[in-house]
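Residue strings, one per chain:
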Amino acid sequence: MTALIFIIFAAIAVLCGINLVVQTHPIASALSLIGVMGSLAVLYLQLGGEFIAAAQVIVYAGAIMVLFIFVIMLLNAGAEAPTFQASRFVRYFGMILFFAFLVLISFIVLTMQSKSEGVIFGAFQGTTLDVGRKLFTAYLLPFEVTSVLILIALVGAIVLARKEV
Amino acid sequence: MILANFFVLTLIKVALVAFVLLTTLAYLQWIERKVIAHVQLRVGPYRVGPHGLLQPLADVVKLITKEGLIPSHVNKVFYLMAPFVAVTLALISIAVIPFGPEITIGPVTTWMQLTDLRIGVLFVLAVSSIGVYGVALGGWASNNKYSLLGGLRSSAQMISYELPMALAVAAPLLLANTLSFREMVNSQSGYWLGFIPRWNLFPEIVGFIVFLIASFAETNRVPFDLPEAENELVAGFHTEYSSMNFAAFFMAEYANMVTVTCVATLLFLGGWQPAFPAPYSDVIPILIFAIAGLIALYHGLNPARRMDRFTLPATALAFLGIAAIFGLSLFVPPLKAILMALFWFCGKVLFLLFVFIWVRATLPRFRYDQLMRFAWTGLFPVAMINLLATGLIVALTTK
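First to last, the protein sequences are chains A and B. Numbering of the first sequence is given in the working numbering, commencing with residue 45 and proceeding in unit increments. Numbering of the second sequence is given in the working numbering, commencing with residue 98 and proceeding in unit increments.
Just so you know, the hints here were simulated from the structure itself, not pulled from any lab data. Certain hints may be false.
Unchecked claim - Computed from the model, here is a short list of chain A residues facing chain B with C-beta under 8 Å:
id : residue
1  : Ala98
2  : Ile102
3  : Ala105
4  : Gly106
5  : Thr171
All C-beta atoms, glycine included, are put in the ideal place defined by N, C-alpha and C.
Here chain B stands alone, though its shape is the one from the complex (with noise of 0.2 Å):
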């Protein structure tokens, strides 16, 4: 039948995947916003919709509106080439990112996932060392000092932290002694003791937390930002460059980390595995969906500002709602298995996310030799150490 055609059942998956990519991205940069903003005891967007959350939208509308100016001093080709590179190689990553397991919906049989490459690891791998040369060229196109020295340090520290990353990344791939994802997540199921699940965190914590380090610098976040501060090199690599090519610098940012985000998921955490045993992990998505229903409700009750007489209510029901959605698809199985899956690796990876928005609230910035010293004083040895680790006791305890 029509549906089960390969390529027709593709085409819907990845339409699905890249819509829900694209909002995601920009309400990303809501979600920090507001976090930010609320851990410097300010409130963030605010007016623009209720609380905000139109601001994004407004965003995508002035950076399209914008004049797209190209200076006359740069080099063109490599001006207008720097963000296309930069953005579609932060978008092809997650091709290879399983959300959730194999799933019958009536007379079709298919993964949560666009593609699963026996080399998926490699693959992530290999995209995000290329990514390095959107950021080089943008900073060196330019033709300006600051955007040449931003560009060039940024991708000195990228191609830096990708050692100790790529290192920390084999750790787990010698416990699952495979490379595609989907069975990463697969080696990664069933509990110790009956209760601790049997991701790869627990043994591999150093690991994790080198990765965790190295997505950081990857992904030229705080509090690696140096090559892209504003008191520092003007805006460095992406100074030159204004409406929609600065969005595609920025969104490139952005799917970097949500890339950097699920690959630590899937290595570290489990993937799309609940974190209790099978009857009670059920329970936990409307336990904590309806739990932030009441809560919600119960502030709606006496609200701090005028406004919230309207959306702490509003929220209060979207919340219940999910709950209520969540409760009725236990009995509905395959909607069940998509709905948990999902709900467990999104959860994983919004708590990722939230750590680097919370990261950078925290912190401040290393200084480039600081940071350079680290990855390759630091970080490298305790990787290296790490994997030389994890092969000794795993060629001493297989057969």
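The following block holds chain A by itself, in its conformation from the complex (with noise of 0.2 Å):
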């Protein structure tokens, strides 16, 4: 039951993944991405991490992709006209380098996994007791560091959207 949710959520996040490049219209591709954010969302909560994957709604799908498709609506982007200028050689020989690619990750990640146990699904110790538990002992210094980090991107977009009075 877990390993069909799982191989239904991870193939919506890859055609979803799929159809963010082959879109021609920014927002379609950015309601894929939509798409994946929340296939992903899935994911987590069946590794356990319920918080992580509220989180990831809330933050990701929620309020960043909600700032991209803004920007996408104010610059009114059109769909874009899809544009083949390679020629035929690099087109057939792309698609083999492509399976070439996809058989070597496949290789890589078969031989890997037989040397790594399998992923036990709900392990993960997710609840909101423990990752709050974990954030302010074990990780402290990085969690104060990424505060300070995104102090620094808001305050250089202040600076650059301020207007010169």
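Both chains are sitting in their own frames, so use the hints and assemble them into the complex.
As structure tokens, this is what we get:
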């Protein structure tokens, strides 16, 4: 049952990812990215990270992607016409290289898989209590440094966007 | 036995909650029109059924049979997707709201809640974050400058006010030390000094006010309804929608209103916990409905309008009947648990909905820059200071 849910949502994530690249309209690409975020949230939930899943939806899919969509709407970016300027040789050779790349990645994953143990769904200690505890004890320095990083980004954005009085 | 099977039980609960929610949405519109009308010294819907009670039905029939026009210049995929997203997400949040405690009907023991997530509060916040897309896409896909402006303004407003709302929600979470709604309500049981209910309202009055103001903005209600105001932007982001698509946006707005009032009740007003200690609080519903029935009967004896010779005594009978049901339930413990919890929960939610409608009838609307300035320089610092003060007090007073 859990394997079935994993396969369904992983397939949705991969298909949305491919759709993101294939679509010509930027809004359709942005919505595909939201689909990827949602599927990833379900996968986090399956692994046991319930807080991370909710945070993924609230922050990534619900705030960051909204800002992406704002920018696309305000700039009125329309559908791009797909232009294929590459020659036929390049296109066919590219396909062959792509499949070779896929085979290489599968080979690496399969050889590495036999060395490590499998994933156990729900093994991760992901309740809010555990995340909070770890965040304030073991990972305190990365937490504080990340907040300083976000502060730098905020200050930079305000400096860039203010009007000269 | 088959009824105790989890799936059958959940299906029955889902059907019940969905039916009650959809009927409430339809009649919430009737309540709103009547309350605003009486505030403005007029009558409101009056002719369709007694006192306009069948008006929601007439509106539904009108909206269904209206011509569903899709303009030729819209982006069809997103145009059709936007109301679907809006209404689906608005209706999902009711799944984690507990209406009462654990009840036992015969062999079946179940909670009066569809499902309890350990991260229930985060689930509601997540669903309301994604609900912004319904509005933004609807405004953009209509290919119309008024709709685009309305959609962008509305979604910017919604994400700006999510911030004070989340901070105001975080303060009672500190007090209750849990993210699930069920335990949040359980932590508000009991009474201080024997008679003051231990609701989160009393330590967190600032948080409650911030949450209420932010929820007016989240649901695009007056005084924050500039994005859909009729004399500003034609009709804002739902200008180009007709018939069932428009009805979907409309329903999504009322469903959002119900969701935020339910969340405010659970977080601040103690959910289904009664306001008075146990033996006295059983008498309150009977008293309230009996007094309402007697008042209706008294006014029915010399009515102001001819129709009220029939409707006022009918209303009086209905109220006295409900009082009798509450009185009878005192002798049947499982029914008593259900009815008392529902009375207190629905009473608090309906009171907050009345406040929403009252504010709509009273206040003028904010200009858009005033609205955004209020969110970022007014509500957000207040919510932040509230959270810091709560955190300080919790840290100093717990071992």
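Evaluated hints:
| no. | hint | verdict |
| --- | --- | --- |
| 1 | Ala98 | 4 Å, holds |
| 2 | Ile102 | 5 Å, holds |
| 3 | Ala105 | 6 Å, holds |
| 4 | Gly106 | 3 Å, holds |
| 5 | Thr171 | 7 Å, holds |
Every hint, counting from the list given before, is met by this structure.
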